[in-house]
Amino acid sequence: MNNLLPEDMTKALDEFMTPKFMITQDSNGEPNTALVMTWTTYDNDKLVYGDFMTFKSRQNLLEGNSKMALLVLTMDLYSWLIKADFESFHQNDEVYEFMAMKPLFRYNQYTNARGAGLAIPKWTSQGYGISKLNVLSNYIKARMAKGKVPFVETKEGNMSPPILRRFAEMAAVKVIAFIDEDGYPAAFPAFGMVPSHPNRLVVKRGEERRRGYKLRDGQRVAVSLVTLEPAAFQVKGTFREISDSTGVIELDRVFVCSLPRPGLRVDLPLIEMPQEP
3 MNNLLPEDMT KALDEFMTPK FMITQDSNGE PNTALVMTWT TYDNDKLVYG
53 DFMTFKSRQN LLEGNSKMAL LVLTMDLYSW LIKADFESFH QNDEVYEFMA
103 MKPLFRYNQY TNARGAGLAI PKWTSQGYGI SKLNVLSNYI KARMAKGKVP
153 FVETKEGNMS PPILRRFAEM AAVKVIAFID EDGYPAAFPA FGMVPSHPNR
203 LVVKRGEERR RGYKLRDGQR VAVSLVTLEP AAFQVKGTFR EISDSTGVIE
253 LDRVFVCSLP RPGLRVDLPL IEMPQEP
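Note that the numbering used here has the sequence shown beginning at 3, numbered continuously upward.
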């Protein structure tokens, strides 16, 4: 096994039910994050996924933005980050057949892969565990920090009440994605995150600092949220530093990432909404 893919991480990656967050970037360096459960290992030292419901991630890769990342997060809150170079999409070859034989695609007439995306890992982080006590502590600290964020009315980036309620849940999985200093996307879990207003998210920065990251004031970020329902959303905005321990994300985009309309932008009235996720 390639030393970039340690055995414990490979075991988690190859398990379909392990959440995997795929982080890409567009030509302007805007991060995008999506829950893509089909990622797995291929030929011992490569990564592959079956593409059947992504749009923006696929578009970013097809436009030549090959630097990407995967955040692998187990059900017991152990995680790794993999930075990789996307190689290409495959159809009607051995790479595609490998993915097409997976149970999700082989036995389900509703989930046919449009293609198989192949990536070459370049760097893997160490594994990080998060205890339930840590989740509770950071959630409480984030709620206590809400009062530090003033309300600012905006036209864009406002979450509807159902989305706002889900972002306020302690058990919801929340992941912050950004572009790291080396030009590759990166991400980390952020359970210490709660909405202060429909267009603002307060973030405790413990997991960011623990992993050696330092988000810059004014940096663009994307946040994935996944609940047990299941329901998935992505919001995008600008990170603002309140202190070394606390930040706020000023939102300007809100998307639904689950069926029946994955990629639909929902922070503007439909009549004004551009048809691009």
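No lab work stands behind these hints: they were computed from the structure.
Careful, some of the hints might be misleading.
What the hints assert, rightly or not - Calculated pairs, PhoX-like style, for lysine-lysine (alpha carbon to alpha carbon, straight line, at most 20 Å): (1) K69 - K13; (2) K124 - K13; (3) K48 - K143; (4) K48 - K124; (5) K69 - K48; (6) K48 - K134; (7) K124 - K69.
Remember, predicted model here, so these are calculated numbers, not experimental data.
Going through the hints against the structure:
1. K69 - K13: Violated, because 24 Å separates the two Cα atoms, which is more than 20 Å.
2. K124 - K13: holds (18 Å)
3. K48 - K143: violated (40 Å)
4. K48 - K124: holds (10 Å)
5. K69 - K48: holds (15 Å)
6. K48 - K134: violated (33 Å)
7. K124 - K69: holds (10 Å)
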